[in-house]
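All chains, full assembly: derive it from the sequences and hints.
So the chains spell out like this:
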Amino acid sequence: MDHLLSLIVFTPLVGVLAVMMMPRDAKDAMRTVAAVATFVPLVLATWLWWQYDPSGVGYQFIEQGSWIAALGVEYHVGVDGLSIPLIWLSTLLLFLGVFASWKIDKGVKGYMMLLLLLEVGINGVFCALDFFLFYVFWEIMLLPMYFLIGVWGGPRREYAAIKFFLYTLAGSVLMLLGIVAVYLAATDLGVTTPFNIPLLSELISSGQLDGSSLVNEGTLLGWPFLKWIFVFFFIGFAIKVPIVPFHTWLPDAHVEAPTPISVILAGILLKLGCYGILRINIQMFPQVASEPAIAYTGAMLGLIAIVYGAFVAMAQTDFKRLVAYSSVSHMGYVLLGASAFTAAGLSGAAMQMFTHGTSSALLFLVVGVVYDRAHHREIEGFGGLANVAPIYTGVTTVGMFAALGLPSMSGFVSEALVIIGSWQVYPVLASLAVIGIVITAAFILWTLQRVFLGPLNEKYKDFPDADRRELFTMIPLAFLCLLFGVAPALLLNTIVPTIESIRNLFA
Amino acid sequence: MELFEPTTLLGMVLAIVLVPLGGALVQIFFGRKLPRRGDWLATACILTSASLAVTLFWRVIVQIDDPNWSWSSADHGLSWHWLNVGEFQLTAGVYLDNLAVIMLAMVTIIASCIFFFSQGYMHGDRYYSRFFAYLCYFCFAMLGLVVADNILFLFMFWELVGVGSYLLIGFFFYEEDPPKCALKAFMTNRVGDVLFMLGFVLAWQLFGTLNYTELFERLAAGAFVPIEDRAFSGLDNHTILTLSGILIFCGAISKSAQVPLHVWLPDAMAGPTPVSALIHAATMVAAGVFMVGRMYPYFTPEALGFIAGIGAITALVGATMGLVMYDIKKVLAYSTMSQLGYMMLGLGVGGYIAGLFHLITHAFFKACLFLGSGSVIHAVHSQDMRDMGGLKKKMPFTYGTFLIATLALSGVPMLAGYYSKDQIIATALAWGLEYGTAAWIPFLFGAVGAFMTTFYMFRLVFMTFHGTPRNAEKFAHAHESPAVMTIPLMVLATFAIFAGVTLHPLPATEELWFNEIVQQPASAAASGLHLAHDTLAWHDALHTAHYPALIVSLIAIALGFFMARAFYLKKSADAEAWKKRFGPVHTLVANKYYFDEVYNDGLIAGLHKLNHGLARFDRGVIDGAVNSVGLLTRFVAFVAGLFDKYVIDGLVNFWRWFVQTASAVFRVVQTGNARDYLTWTLVGVLILAAYLANGTN
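Chains as they are written, first to last, in the numbering used here: chain A, 1 to 507; chain B, 508 to 1204.
Treat the hints with care, as some may be off.
To be verified - Simulated crosslink set (DSS-like; lysine-lysine; CA at most 25 Å straight-line):
hint, chain 1, residue 1, chain 2, residue 2
1, A, Lys27, A, Lys103
2, B, Lys687, B, Lys1099
3, A, Lys459, B, Lys687
4, B, Lys1077, B, Lys900
5, A, Lys461, B, Lys687
6, B, Lys1087, B, Lys1099
Unchecked claim - Quick list of the computed label-pair ranges, beta carbon to beta carbon:
hint, chain 1, residue 1, chain 2, residue 2, range
7, B, Gln596, A, Val388, 55 to 61 Å
8, B, Gln596, A, Ala293, 30 to 36 Å
9, B, Gly584, A, Leu220, 33 to 39 Å
10, B, Glu1104, A, Leu432, 23 to 29 Å
11, A, Ile62, B, Ile1111, 54 to 60 Å
12, B, Pro733, A, Gly65, 48 to 54 Å
13, A, Val388, B, Tyr1106, 42 to 48 Å
14, A, Gln51, B, Thr562, 26 to 32 Å
15, A, Val36, B, Trp547, 54 to 60 Å
16, B, Ala1044, A, Leu432, 28 to 34 Å
17, A, Arg468, B, Leu742, 47 to 53 Å
18, A, Leu432, B, Asp834, 36 to 42 Å
Simulated from the structure, these hints should not be mistaken for lab results.
All C-beta atoms, glycine included, are put in the ideal place defined by N, C-alpha and C.
Right under this line is the structure:
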């Protein structure tokens, strides 16, 4: 198949059109269409991963053609070991997300259309190898998310949605600034496709493109031009990750978003920020990224996120807010590992993106189940749910152990790799990061104890156990947590060769 | 000598480890639907493991009979490329030596006894099938820990046994306390575990491998990773090695309930009693000791000294707390803690054989004691010894086996505990003789602990089984447990007698069966790091210490026994009066040295304060800043709006007004009449003329 990536990206768009043309009352039919429209990309992405040759060099499944010739914009997509697992994860989470949304009854038509449009944006970003295309997909993704939170969210949905929108927009603007600057510098060099990401990466990392045509001697206010661009991109992506102190949109967005949207937000959208850091900041600006001061700042920010996120999570009383802060903490590992530029650190960071995508998505589904039944999420307001909902408790326990990084679960491998990899460079920071491991275990198991264990809270004596639909959304994720924990090579075999090629940039 | 094909041997070991896992999975998903709720299936699984492990024991220990025997699946190309990340490579395989084979047999035999016992003890429990699932899962993790061939896999199984322990301590999850105790156990262990993790990260830094064989080879050859390739270039190899060893040992501090991370073990007694016997007495808590044994060559003399110190403190502190408890399981829990201290002490002072031998013998008699206490609890439905008394006649089998195990634990000659404990004390004495001053502490603590051990054990026996019943109602309902519970007791009691057996009544270390099959590993000495335990002087000291140590232990046992007899059987001494006499000390010990208070009110309360403080900071300052930016933007927009409305628009309006007004004025003037213009011109000329005229004056 020559156009596999395009098919993966744009199939959901067919779903959008189909749903658009359906009558407003045909809710089940629309849900089914959405399920099909997300299932096809999942199958295709599975095929993609299967066909991907990890030993191959560079991007694969490339499609390239002129789009806006006047600006040198291309339709240029391709994947490597960094993006493939994330594309697969996003198609899976969107598919499961449709089932998790089955009970949403308000404006099903608009909801499903936005959800499918969101998938187009997400997969587009992961595939795009053209900056213009990348930016377009990035913005496509932003809008549906705004409406999904702002319309289908909880009581403070408008506040949360606007906060999310403005924050992300601020990031986008910085990113756009970076893209335009690089574009101008590239056109000055006579490049005919000045948005081509692989080409730009090569030009910048080889030192040919340094912005000296734009600013005097490539220096602006005492900083090299490239460093400015690096910082613009970094802040743009850091907001999306989110990295402390740009993180406060996340808990609000999570708390207000409906369950499936939280799942996608935590599972995939946060990874877009990390992906951007790895793909653009590190791969395109290796010299800047590996400057000791910059790398150390990155590692430090990672450590702060890990420890600070865990401490703040422990103080939360809202179950969903707690999981949201645990995401902040877990994303810190990505930054810490990536800042070390060792094989173990970078691979751990890339793997952490995937493993957190499964475990946090699972936890948000878990929270969704309890919220559906009790209509509140106060951790102290439950107690002893294991008495009445053993299966639900079992799945939750798996998810929680996955989140706290228990060996035999995928989170352990990625966190261990990050610790080992970053220890080689930042022994003190890596040693301090284990505080986060302890605190994470503490607040997760403490939550398990308060919500599920102990004597049954009589208010919930009729609490129904998880039903088939809910199990259908949760069990695949629990299985993945276990699978890649027991046999991490299945995942790392795809990731590591790409990481090695990134590391060659520093050699 | 090769007794099995490599693949056969690997298959056997994998079966020993994985069959219980299969049992656990079947039990958790289908257990409730099986006849007898699947207890036979779980038991069959562990018996399969046990028979394979005993076969292995027979072949390796009895037939091969080579103290240096070891087998690694990696040597036969049978290993699993688990991780392959740049310079970080990890292949997982099976590593067996005599110690591992003995451990496999010990764990599976004790587990089998406990599975049978549980069929009686847990009979009719609401979650009967789940109990066996958890037990199977625990056995899987414990057995995996024993056969792992690298530190990372040891660590992984190490955490998994922790999960098994967590699930089983909190087995009665519908009650208030057990889940809290389970959480406490898991978290205390987590603290030790992350330090352990840092320890092996350091080990990888030093040697670039986590595989035991490779690690010890490189250690022996002094093949450190060059210092310039390492992050910690400021410290020399020996210091890092010591630091790494101590960090690794920190894992054992929590897992094996050593001071100061012992606080979880007494609380772990909230789990069902068979669990206490299996996990919190015989196997999991001993994993820390096993790990220290496994990593033995890795510890520098300084690290070993640290281990000895912690072990000595634990042995004494645990014993003192055992003296004052009334809960029968708590006494045994503190006793376990104290005995684990002895094992660490033994290993730390260089008694590799002594410490590990004590691990094996202790497992049998302590499991027997715990199951015996379970049998008593099953009968009287109370754990408080003040509710018991006189049970000897009603529960003859339980009493008999309990007494044998008590004698074994006290170290009465010819029973299992005697051989191992005596060796520990003798080695500790030798250490004191050799190094003097502070090095006397392990021996002194050990000797005093030995006296206390006998005292608290006979206090327990006398209060429970002898004298008159203190609670007539409970006594009336008491009855001997069914055969499914008493037969395992007898099996374990048999091991409590014979597990240490030697024909020589006063054996030196060399004559123990354990010594003949387990070899103290070559120490780190070969790497140029001096370890004094291989010197001739050390062997002399060991020889000198042997009989004095024996005499000291015998005196300690006798003293402990007769004092307990006087206090609790003959009542010729008044325990209450002595309690008063030791007022403050007794309060300190009875309150468990206030460890829990310090942790709860200090550490955990402080942590919560910190969390809430940071959460307020997050809400107030960081999010506050974000919201302030939002508000500020809105304010600026508002001001800009006003400015726009009143200043800019005002200016526009003013201009319009000005033009209008001005034009209104000028309209009056601009009449369009030529005569008017001329008139005004004349006026102007006159004014100008008057001005000029004025100016010329």
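Cross-check of the supplied hints:
no.: 1; hint: Lys27/A - Lys103/A; verdict: holds (10 Å)
no.: 2; hint: Lys687/B - Lys1099/B; verdict: holds (18 Å)
no.: 3; hint: Lys459/A - Lys687/B; verdict: holds (22 Å)
no.: 4; hint: Lys1077/B - Lys900/B; verdict: holds (18 Å)
no.: 5; hint: Lys461/A - Lys687/B; verdict: holds (22 Å)
no.: 6; hint: Lys1087/B - Lys1099/B; verdict: holds (17 Å)
no.: 7; hint: Gln596/B - Val388/A: 55 to 61 Å; verdict: violated (48 Å)
no.: 8; hint: Gln596/B - Ala293/A: 30 to 36 Å; verdict: holds (32 Å)
no.: 9; hint: Gly584/B - Leu220/A: 33 to 39 Å; verdict: violated (59 Å)
no.: 10; hint: Glu1104/B - Leu432/A: 23 to 29 Å; verdict: holds (28 Å)
no.: 11; hint: Ile62/A - Ile1111/B: 54 to 60 Å; verdict: holds (55 Å)
no.: 12; hint: Pro733/B - Gly65/A: 48 to 54 Å; verdict: holds (51 Å)
no.: 13; hint: Val388/A - Tyr1106/B: 42 to 48 Å; verdict: violated (33 Å)
no.: 14; hint: Gln51/A - Thr562/B: 26 to 32 Å; verdict: violated (47 Å)
no.: 15; hint: Val36/A - Trp547/B: 54 to 60 Å; verdict: violated (47 Å)
no.: 16; hint: Ala1044/B - Leu432/A: 28 to 34 Å; verdict: violated (44 Å)
no.: 17; hint: Arg468/A - Leu742/B: 47 to 53 Å; verdict: violated (58 Å)
no.: 18; hint: Leu432/A - Asp834/B: 36 to 42 Å; verdict: holds (40 Å)
The earlier numbered hints that this structure contradicts are 7, 9, 13, 14, 15, 16, 17.
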